[in-house]
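Q: The primary structure of each chain is shown beneath.
2 protein chains.
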Amino acid sequence: MTETNWSVPETEVVQRVHERLDAAGTDVLATVVDVEGNAYRRPGAKMLLDDDGPGVGSITAGCLEDELRAAATGVRERGEPETITYDLMEDEADVWGMGVGCNGVIDVLLEPLDETYRPAVEAFADGRDVAVLTVLSGGVDGFEYGDRVYYDPDDGGLVRPDGSPAEEWPHATLTSMADDLARRGRADTVTVDAGDGATLEVFVDGIAAPAELVVFGTGHDVGPVTELAAKNDFRVTVAGFRGGLDLADRFPDATRTVTTSPGSLEDDLQLDERTHAVVMTHNFVDDRLALETLLESPAPYVGLMGPRERFEEMLDAFADEGRVFAEDALESLYTPIGLDLGGGSPYQIAHSIVAEVLAVENDRTPRHLREREGHIHDRVDAAADVGAGPTPE
Amino acid sequence: MTETNWSVPETEVVQRVHERLDAAGTDVLATVVDVEGNAYRRPGAKMLLDDDGPGVGSITAGCLEDELRAAATGVRERGEPETITYDLMEDEADVWGMGVGCNGVIDVLLEPLDETYRPAVEAFADGRDVAVLTVLSGGVDGFEYGDRVYYDPDDGGLVRPDGSPAEEWPHATLTSMADDLARRGRADTVTVDAGDGATLEVFVDGIAAPAELVVFGTGHDVGPVTELAAKNDFRVTVAGFRGGLDLADRFPDATRTVTTSPGSLEDDLQLDERTHAVVMTHNFVDDRLALETLLESPAPYVGLMGPRERFEEMLDAFADEGRVFAEDALESLYTPIGLDLGGGSPYQIAHSIVAEVLAVENDRTPRHLREREGHIHDRVDAAADVGAGPTPE
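Just so you know, the sequences run in chain order A and B.
Going by our numbering, the first sequence wraps up at 398, each residue one higher than the last.
Going by our numbering, the second sequence wraps up at 398, each residue one higher than the last.
Be aware that one or more of the hints could be misleading.
As the list claims (entries may be wrong) - Label pairs and their in silico Cβ distance ranges:
#1 A:GLU314 with B:GLU24: 34 to 44 Å
#2 A:PRO303 with B:GLY347: 18 to 28 Å
#3 A:GLU336 with B:THR264: 48 to 58 Å
#4 B:GLU24 with A:ARG47: 39 to 49 Å
#5 B:ASP368 with A:PRO303: 30 to 40 Å
#6 A:GLU317 with B:GLY347: 29 to 39 Å
As the list claims (entries may be wrong) - Chain A stretches covered by chain B per the calculated footprint, using a threshold of three residues with CB under 8 Å from any CB of chain B:
#7 12-26
#8 32-41
#9 233-241
#10 338-351
#11 363-373
These are computed hints drawn from the structure, not numbers from a lab.
Note that this is a predicted model, so its numbers are computed, not measured.
Just so you know, even glycine gets a beta-carbon here, dropped at the ideal spot from N, CA and C.
The task is simple: from the sequences and hints, build the whole structure.
A: This is the structure in structure tokens:
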């Protein structure tokens, strides 16, 4: 069992699906459609089972991959999709067996990769959010198991893989749900009313366009930020104000490199609400020129390297020019940049920056997950209190 | 100018210094000894200027590397150390020139790499904290610029590079400072009383042994955790309870791999207060067996993958066996594991885990650095208040 392609970024999984679709092979696509209990991945996680390769992507942490490969052979031969339920709830008797041991119940949709999946990969390649809607329960008049339509948030309607409107599908519930899931890149299964008292189970797989990270700067320290951001599924643009620096060679993990100027920055970068920016030119004036545009843009995250006093000097310089930023423009500014993790090496600095961008992108308050749920021994104490009555301080 | 070795982890820089010392070349070691203003790296940051290579490590984000290479040639020829001050405070006239632009004033010690540095790299290789003390001001009777002694926290004394006691050095201030800096891996310059009213300026460079991260588990998801932890300067041990899995091949970023059993876990792993642990076997019983030892160990961080309810079940199972953990044992437990960054891909999960370990290792409360200092517009508002008098709510 070859294992090299398990931990690729999600963006690469979708890109690989696109390539294999173009190659018109007989691959099988596996998608987690439902999860109960303690599973490693969420619904929507994908693994492509190449007809002749090791596969790419991950469904579990290694619990199911062999089983999936075997099941894929059957799906490939029959040419029909199939949903398989894997019950991984722990069997105590197996504790010292060789099984790696996993938890949870996972439903996986296995399907022959064919042209009905093309609108998803093309939307992804174009940087558009999309949702793939697949019927999981058959038997309702006019709907078969595996029937598929797409939701495009820009259009707002449901269309068949060939682009024709899917008028017979129940629109109201599905489009509002698909809209939300497509933008967030999340997936869920929903049961909808299909008329005449019948219900339809539909898997709604939202595939969000990857968020973009624009890194202003061309110093060595841009390298680790670019590398770690790409591994975390950002499309990374490295932007410099001066040409001739061979940016594409120096930052191989960047999706693109741009040599821009203050006047054309907006046109060159198409900043929107899915664009995040890190400003690290190490040049006071260059940083200011980048900020001037970024702070007025819809970018939800603008990180600025350097101590806070440096930004206060920039604000003074802006004020001298009569330039004052609205309060919500400063809401997007993160300086000093990064989460407070205490590291000082190039990779540690980059790790704290990318962690911060992830938190903002996902609208999270960065803190220990255990704090979000309350510390374990508070719960344990509380449980003990119930049994033993109030305890003194 | 070759740039490939700039962003290596710090551990690799020290390892490379060790290799080059063994090779007895004519390399030059550059160490940041002081920083004023806005610099990218802290004192103690190192760059090795090979006599025939591109160098390894980083002093700035690319602002000084060419100048350092030129200065190294002189140091190499003269065979004498030299401290050079680089004033990178911005020159506004250079804004549109080709300089990459940097801030701050940086003092760099350049020295021919020779046997006087061997105790530092050997301590590092042995996993011992060490401090290198170097005289930066000469002219005091008995002390020359560049004179060097070592502090070993286990011994508590100052010794010369040949191992003999450095009795003439002023011990009291230097040893307490060196002790603190060696353990924390930080560096600083101190002025000490050298007797007869004379003072001595000494650079104290603490080089802490890298912290260790033990990862319990052998699933695919261990790969990204191992990779990101190694980039962030942890020595990573991958530990499994079952043999025959070819762990070293599967986890090439691990410093070592161990097949252990519950009974020999403590002996195999030497858990101490610089050891952190991540438990991700995906097996309820294996996780419990690892936790049973880890929670009683001095390890400051024990992260457990899975929902919190799963650990509560473990506590119930422990309680059934009459096993109760002290409250401070549970202080080290982090479950669910990781910082709340919202990502769900293998790399995003690993990123949030390694970010959490870094924060605990460095004793930080994970949050936006801007929150630590108060949000910028609070300060701006406060400043405005001073000028304009109290503003209404």
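Q: For each hint, tell me whether it holds in the structure or not.
A: Outcome of the hint check:
{"no.": "1", "hint": "A:GLU314 with B:GLU24: 34 to 44 Å", "verdict": "41 Å, holds"}
{"no.": "2", "hint": "A:PRO303 with B:GLY347: 18 to 28 Å", "verdict": "20 Å, holds"}
{"no.": "3", "hint": "A:GLU336 with B:THR264: 48 to 58 Å", "verdict": "51 Å, holds"}
{"no.": "4", "hint": "B:GLU24 with A:ARG47: 39 to 49 Å", "verdict": "44 Å, holds"}
{"no.": "5", "hint": "B:ASP368 with A:PRO303: 30 to 40 Å", "verdict": "37 Å, holds"}
{"no.": "6", "hint": "A:GLU317 with B:GLY347: 29 to 39 Å", "verdict": "30 Å, holds"}
{"no.": "7", "hint": "12-26", "verdict": "holds (count 3)"}
{"no.": "8", "hint": "32-41", "verdict": "violated (count 0)"}
{"no.": "9", "hint": "233-241", "verdict": "holds (count 4)"}
{"no.": "10", "hint": "338-351", "verdict": "holds (count 14)"}
{"no.": "11", "hint": "363-373", "verdict": "holds (count 10)"}
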